[in-house]
Amino acid sequence: MINVKDAQFGAQGNGSADDTAAIQSAVNYAQTIVTPGTGGSAYRPTVYFPAGYYRITSPINITNTSGVWLAGDGGRWLSTVIFGQTSGAIFDFSGSNNSGCENFEFLSVTNSGNIRSTIGVQFALTSGGGLNNGIRNCTFNMEDYATTNGGFGTIGILNVRSEEFYIHECLIRANTPIIMSNNSSLASTGINFTATSNYQAIAAGLGSMGVTSILGTSIQTYEKRQPGLVLNGTNSLTFQGYISRASANSGSNETAILCSQYTTNLRIHATVESYSRMVRILNTGLQGARFDIVSANSLTPTTELFDFTGCNISGVDMNISVPNSGERNNRYVVYYTPDNGGAQQASGSLRNSTITCYGFGNPYVITANLLKKSTNVLFQTDTPFEKKSGRIRQLTNNVIQAGNLGSVTTTTVFQFRQSNQLTSTSNSGGYYRIWLDGVIRTGGYGSGANCTLSFQAQITVNQSNSGALDIPSVTVITLDKDATNPSYADIVGVVVNLNFSNGIGSVTVTPRITGSGSGEPVYYDGFAEIQSDFFVNDPIPLN
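Be aware that the sequence shown starts at 1, since it is given in my numbering, and climbs by one per residue.
Any given hint could be a false lead.
[Said to hold, decoys possible] Computed Cβ-Cβ distance ranges for the label pairs, DEER-style:
(1) Leu479 - Lys388: 37 to 45 Å
(2) Thr302 - Gln12: 46 to 54 Å
(3) Thr375 - Asn502: 24 to 32 Å
(4) Asn502 - Asn265: 43 to 51 Å
[Claimed, not checked] Straight-line C-alpha distance at most 25 Å; calculated DMTMM-like pairs for lysine to aspartate or glutamate:
(5) Lys373 - Asp317
(6) Lys5 - Glu102
(7) Lys388 - Glu273
(8) Lys387 - Glu223
(9) Lys224 - Glu164
(10) Lys387 - Glu529
(11) Lys388 - Asp533
No lab work stands behind these hints, which were simulated from the structure alone. Given the structure is predicted, the values throughout are model-derived calculations rather than measurements. Heads up, the beta-carbon is just placed ideally off N, CA and C, and yes, glycines get one too.
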């Protein structure tokens with residue numbers, strides 16, 4: 001182990017002395033060590049920082065090397081503090097392999113002015129390498145300096161194509177706590193920033209940014225300016241931890257996790273507080289992702305939870321919980337901005353995926369334009385449904401009372417939001433086809449005269465381009481029936497109908513029953529499917 005305070009290096013760690021040269025000397029020396037008796041085989045001792053405050057004025061150069069590990073003393077809080085006045089990164093590991101750091105607090109503060117550090121720790125791929133690096137048990141308290149780094153502000157950890165990487169058990173406070181990118185240019189995120197190193201040329205162009213583990217980590221941003229986690233073209237990334245904001249008084253960003261470029265094999269297990277939008281995918285694609293997210297303490301949510309506008313999504317498993325009911329009202333879970341103001345089909349799609357959320361009405365689980373472009377998708381809600389083979393199918397039986405023997409009533413058994421919610425009524429043509437599969441029954445568990453009729457019904461109705469609806473065509477087939485005492489109660493048929501009002505389609509059933517019985521309840525017990533073809537939207541089941 002090499003101690004930066006040893007006499008040959010001379011670091012002070014008192015918060016006032018400039019320890020840059022001493023620390024760099026210790027790091028350089030660590031790269032020259034060979035194992036005795038091995039004929040010159042490299043050996044990399046840990047570079048150790050005893051507890052103290054170490055002021056540095058240029059980035060510590062740990063670039064294009066292998067096996068250099070920097071370690072502070074004790075825990076990650078107020079033990080070994082690196083006070084950065086570098087105008088850039090504090091530690092630069094660009095091009096290094098099997099290297100990293102632990103047990104540090106990284107600090108940049110306003111009173112350092114323009115020389116305050118703007119990046120905590122940087123990793124990147126260069127011609128010298130950039131694999132198998134990591135950080136553990138560190139705290140980053142980067143300054144709120146929103147205009148630096150092209151508008152990202154201060155960055156806690158920046159990684160450009162340095163794969164097989166980990167961040168474990170860290171607390172990261174910065175304008176943008178973590179950026180992972182497959183390109184030194186971050187322009188695809190909407191911010192004109194290019195990562196550079198003071199010491200090495202970072203690999204140019206697109207590459208791979210994958211195999212990353214971020215565990216037990218808390219990230220916090222300043223104000224409503226930037227996401228907590230920026231993923232630019234990543235693959236095989238796991239995040240388990242907490243995302244929040246240290247303050248939220250100014251700015252307009254509501255996205256906690258931003259994905260730009262094509263993203264694959266993403267695993268997010270997180271509690272997200274203060275943010276309104278959990279995830280936004282920017283005009284690209286997402287494949288093979290899993291989200292287990294609790295959203296809380298966004299007391300005045302202004303956005304949807306997931307924004308998939310412009311994206312092709314496949315193989316996604318989403319489990320979202322919003323415990324506060326006040327944060328669920330009239331809020332979309334999955335949103336796709338209407339193309340051309342709602343006059344064009346969504347250009348994206350959703351395939352082979354599962355969305356699990358409770359406490360949201362089905363019309364707010366997914367926007368109708370994205371449901372139109374969905375295939376093989378399961379919606380696990382309070383009233384679950386699925387879309388497969390072009391059909392939307394209820395996954396729970398509706399058990400609804402239709403009056404009593406002697407006073408049978410017409411009852412609504414299925415409702416859906418109509419598809420023609422367009423800005424123009426000249427392109428609203430289409431059709432609905434609805435199936436019912438159910439039974440009409442009377443007599444309870446204690447009755448001595450039960451009666452049951454099983455049936456299927458199909459309804460077809462066309463809609464013109466102006467939105468006018470034809471009279472529905474209805475076919476009802478009695479499959480079977482049984483009556484214990486027909487003179488007391490005998491179900492002889494069922495009338496099925498479809499009507500529309502205020503943008504809602506409603507399917508009703510009216511049982512036809514004969515016999516002398518009275519008072520015992522009559523029930524419909526069944527489920528529905530709906531198929532349609534409209535230009536922009538799909539119908540969404542309401543119950």
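Hints, one by one, checked against the model:
1. For the pair Leu479 and Lys388, the beta carbons lie near 23 Å from each other, so the given range of 37 to 45 Å is not met.
2. Distance hint for Thr302 and Gln12: a CB-CB separation of about 50 Å, consistent with the stated range 46 to 54 Å.
3. The hinted window of 24 to 32 Å between Thr375 and Asn502 holds, with their beta carbons roughly 30 Å apart.
4. For the pair Asn502 and Asn265, the supplied restraint of 43 to 51 Å holds, since their beta-carbon distance comes to about 44 Å.
5. For the hint linking Lys373 to Asp317, the alpha-carbon distance of about 17 Å falls within 25 Å, and the restraint holds.
6. Of the pairs offered as hints, the one joining Lys5 and Glu102 holds, with about 18 Å between alpha carbons and a cut-off of 25 Å not exceeded.
7. Restraint check: the Cα-Cα separation between Lys388 and Glu273 comes to about 34 Å, which exceeds 25 Å; the hinted pair is violated.
8. Straight-line distance between C-alpha atoms of Lys387 and Glu223 comes to about 40 Å, which puts the hinted pair past the 25 Å bound.
9. Between Lys224 and Glu164, the direct Cα distance comes to roughly 31 Å. Violation of the 25 Å bound is thereby established for this hinted pair.
10. In summary, the hint linking Lys387 to Glu529 is supported, as the alpha carbons are separated by about 9 Å, within the 25 Å threshold.
11. Of the pairs offered as hints, the one joining Lys388 and Asp533 holds, with about 14 Å between alpha carbons and a cut-off of 25 Å not exceeded.
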